[in-house]
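Below, each chain spelled out in residue letters.
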Amino acid sequence: MPDLEQFRRETRIWLEANCPLSQRESVVEFEDRCWGGTKWKFTSDDQKRWLEVMAARGWTAPDWPAEYGGGGLNKEETKILREEMNRINARVPLFSMGLSMIGPALLKYGSEALKRQHIRNIVEGRIWWCQGYSEPNFGSDLAGLQTRCEDKGDHFIVNGQKVWTSYADRADWMFCLVRTDPAAVKHAGISLVLFDMNTPGVTTRPIRLISGKSPFCETFLDDVRVEKDQLVGTLNKGWELATYLLTHEREMIGSIGQSSTSAKSLHDHAVEQIGLAGGALADSVLRTDIARWEMDNRAFELTAERITDEATAGQGVGAASSMLKYTGTEINKRRHELLVSIHGQRALAWEGDAYDHGLMATQWLRTKGNSIEGGTSEIQLNIIAKRILGLGKE
Amino acid sequence: MALVLNEEQRMLKDAARDFLSEHAPVAQLRQLRDSRDAQGYSRATWQQMVDLGWSGILVPEAQGGLDFGHVGMGQIMEQNGRTLTASPLFATAVMGVSALVQAGSLAQRNALLPAIVAGELQLAPALDEGPHHAPCRVRTRLEARGDGFVLNGEKQFVSDGHSADQLIVSARSAGADADRDGISLVLVERTAPGVTVERVVMADSRNSAMIRFDNVALPRAALLGEPGTACAVIERLTEIGNAHLAAELLGLSLEACEQTVAYLNTRKQFGVLIGSYQGLQHRAAHLFSEIELLKSLVIKTLQALDAGSAEVAVLASLAKAKAGEVATLATNEAVQLHGGVGMTDELDIGFFMKRARVAEHLYGDHRYHLRRFAALSGY
Ligand SMILES: Cc1cc2nc3c(=O)[nH]c(=O)nc-3n(C[C@H](O)[C@H](O)[C@H](O)COP(=O)(O)OP(=O)(O)OC[C@H]3O[C@@H](n4cnc5c(N)ncnc54)[C@H](O)[C@@H]3O)c2cc1C
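Protein sequences, first through last, are from chains A and B. Count along the first sequence from 1, add 195, and you get the number used in this note's numbering. Count along the second sequence from 1, add 1, and you get the number used in this note's numbering.
Since the hints were made in silico from the structure, they are not lab data. Don't take every hint at face value.
Said to hold, decoys possible - List time: in silico BS3-like cross-link candidates among lysine-lysine, alpha-carbon distance up to 30 Å:
hint: 1; chain 1: A; residue 1: Lys310; chain 2: A; residue 2: Lys274
hint: 2; chain 1: B; residue 1: Lys296; chain 2: A; residue 2: Lys588
hint: 3; chain 1: B; residue 1: Lys269; chain 2: A; residue 2: Lys408
hint: 4; chain 1: B; residue 1: Lys296; chain 2: A; residue 2: Lys528
hint: 5; chain 1: A; residue 1: Lys234; chain 2: A; residue 2: Lys310
hint: 6; chain 1: A; residue 1: Lys528; chain 2: A; residue 2: Lys459
hint: 7; chain 1: A; residue 1: Lys423; chain 2: A; residue 2: Lys234
hint: 8; chain 1: A; residue 1: Lys381; chain 2: B; residue 2: Lys269
hint: 9; chain 1: A; residue 1: Lys408; chain 2: A; residue 2: Lys303
hint: 10; chain 1: A; residue 1: Lys581; chain 2: B; residue 2: Lys296
hint: 11; chain 1: A; residue 1: Lys432; chain 2: A; residue 2: Lys303
hint: 12; chain 1: A; residue 1: Lys274; chain 2: A; residue 2: Lys528
hint: 13; chain 1: A; residue 1: Lys432; chain 2: B; residue 2: Lys269
hint: 14; chain 1: A; residue 1: Lys310; chain 2: A; residue 2: Lys432
hint: 15; chain 1: A; residue 1: Lys588; chain 2: A; residue 2: Lys381
hint: 16; chain 1: A; residue 1: Lys270; chain 2: A; residue 2: Lys303
hint: 17; chain 1: B; residue 1: Lys301; chain 2: A; residue 2: Lys528
To be verified - Computed footprint of chain B on chain A; a stretch qualifies when at least three of its residues, placed anywhere within it, have a C-beta under 8 Å from a C-beta of chain B:
hint: 18; region: 326-336
hint: 19; region: 537-550
Remember, predicted model here, so these are calculated numbers, not experimental data. Yeah, the Cβ is synthetic: ideal placement off N, Cα and C, and Gly gets one too.
Next comes chain A alone, as it looks inside the complex (with noise of 0.2 Å):
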């Protein structure tokens, strides 16, 4: 495989000479993170920089067609340029529910023209796209969503209300699933629309989260005009589209841990706060806790990347998705309860410099909502027992 081999040669000298070593730390707070849009604050030019290489060619979505802008990058290649952004530890220059839903879900069901219109600002992290699916009354139950979008003619008009939307007040761009047939049986008549944050009757309030952030909102949503060229797929054939988009996302939440592991280890941080005794972690409980941890982080990432490969390869079981995302949300949940373990009453100070105002508490806080976002864990086990399984079969 020369060619691969080329590929990757060039991909590290061209990451060396145009990755900004400020963009090869670990990423610690929400802000090091990229997320695009037009309210987008650059944290430093080297982020803003970072973002522009990349997304000029189309790197920020490897393996998204060239043509709208992606980097038309085979499976192999983009696993490649994967490892060697790992090698460097460079940070993922765009971060966003585009990227890992919107986006592909345009690729796979969108028209030309709204492949035209959305997919190039997703790769150049231009727009900040925000997910509108959980309903006060809907949530894991989303299929009952009670959203109402009537056919005005020439548009549509949308009534109703979202709960949970993750960044609403930031967002540009809401992917939003609707109800269009209220006659037909619940998944039958679910359509899914984009629509502009900015247009009239879209308001959103901040909802505080128990880590003291208010990342989501309540979205209402009041007779929201919606042009009918921003209809995604065929309608009232919504609900395949959101289960497409699901799996995607549950992919992305199942790895939400992984990105933090390339930071220190949860035994350099034993070591460094507790210590040695004997050439043995001071505290034998931890010691072993620590050890199964890393055992079942381990097994997590050997088992994101056979299932990888087994689908390179075509092979692999459905609903694989539904298990990565179980296992990598609990393991990621261990790991923060393990942090604070390991720092003991400094990881629970709320505020001052001299915790990092709270850092760590907030970080473990916001873990217990990896295993409700996206569905929750207990969903995903009734799909791996139903899909998988064949449980509860007639």
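Position chain B with the ligand relative to chain A; hints supplied.
For chain B with the ligand alone, kept in the frame of chain A given last:
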């Protein structure tokens, strides 16, 4: 002894529950947090607790207390775990009183205990010097000077450290950092020259402080107990503290569990109550069973304290270890089973999760107590 409450203890428990849920519910802690209250607790509520006699539950009758015992106090602590009430109850009425009862001279007891009972004096034990509990790892120095002492060092994460009138400080007059011998306890005025107190706002919105001592001059009478032999007293004291923290964590777990079960019985998805899913029923039933196990350890430990049993050391560690684990389970399950709303600050569940971890880490998390239990058991 039967593992049940007697009539009086049951009445105290009911009274505590009624009082706390009416006068100091979680909403009070939320309000203290949101208003960034400088004191960190409601003086009015504390005065009411004093009026109810709670400051004197552990104080002998000779010093004007009720001498009602640890089982009694444990009931109040348990109810306190349901409401997460911030008050000097634990630092002063449990730890401060126990330190004086354990180690104080008759003169000290006569001077200080009645003041505590009357609500005129608040104490805070200042023992740990790092983020992990290590009762006999003491670097703070106590040196003889003239006919008194001089104190130098630093204490970390002192509960109520910024609001108490006097601190009960462990300090070393001889030996290396981790030696059992050479440690003494001294009473130090919080406002004495050379004492610097820096409040630390913790995740649970309760009081904590970092305290520095720079050449603090102390009279001979500041000494609590025999010099150089305080390690055993501190261990006993933290056993008492851990028994009561376990009681608090029991109440906290019960409340988190009950609120979650109530939610399972109201929230509908897929057209049915989520509590009708067997997967969730089993989770709630498992949590209930775990809490039942904890309940037994807590009452046994409190009874052992009242009986002066030799088993206290082992029981206190078992109870605190189990309490840490159960409270972690209860609060994690509570958030998870509430779904998205469980992650919001609007719901009280987050307060329970935060308090559970802080209370667990105070005087040793579950791993510390598992190790201690194993060591005490000789393996
Ligand atoms: C941090 C965070 C960010 C989020 N971001 C977004 C976003 O950007 N956009 C968006 O649309 N949504 C978002 N969500 C919402 C998320 O998708 C929902 O919270 C989730 O799907 C669960 O729905 P719910 O909150 O209504 O809980 P419920 O569905 O009410 O669930 C409550 C409990 O019941 C359990 N349960 C429900 N049904 C079953 C069953 N059949 N079997 C067993 N157990 C069951 C659940 O697992 C859960 O434990 C976010 C959530 C969080 C926490």
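Evaluated hints:
1. A/Lys310 x A/Lys274: OK: A/Lys310 and A/Lys274 at ~24 Å, within 30 Å.
2. B/Lys296 x A/Lys588: 41 Å, violated
3. B/Lys269 x A/Lys408: Within the cut-off at roughly 28 Å; holds.
4. B/Lys296 x A/Lys528: Answer holds: B/Lys296 to A/Lys528 is near 27 Å, not above 30 Å.
5. A/Lys234 x A/Lys310: Holds: A/Lys234 and A/Lys310 sit about 23 Å apart, inside 30 Å.
6. A/Lys528 x A/Lys459: This hinted pair holds, its Cα atoms lying about 16 Å apart.
7. A/Lys423 x A/Lys234: 26 Å, holds
8. A/Lys381 x B/Lys269: It holds: about 16 Å lies between the C-alpha atoms, which stays within 30 Å.
9. A/Lys408 x A/Lys303: 35 Å, violated
10. A/Lys581 x B/Lys296: Not OK: A/Lys581 and B/Lys296 at ~38 Å, beyond 30 Å, violated.
11. A/Lys432 x A/Lys303: 14 Å, holds
12. A/Lys274 x A/Lys528: Holds, at roughly 27 Å.
13. A/Lys432 x B/Lys269: 26 Å, holds
14. A/Lys310 x A/Lys432: 19 Å, holds
15. A/Lys588 x A/Lys381: 21 Å, holds
16. A/Lys270 x A/Lys303: Distance of about 17 Å is within 30 Å: holds.
17. B/Lys301 x A/Lys528: 33 Å, violated
18. 326-336: n = 6 at 8 Å, threshold three: holds.
19. 537-550: holds (count 11)
Hints 2, 9, 10, 17, counting from the list given before, are not met by this structure.
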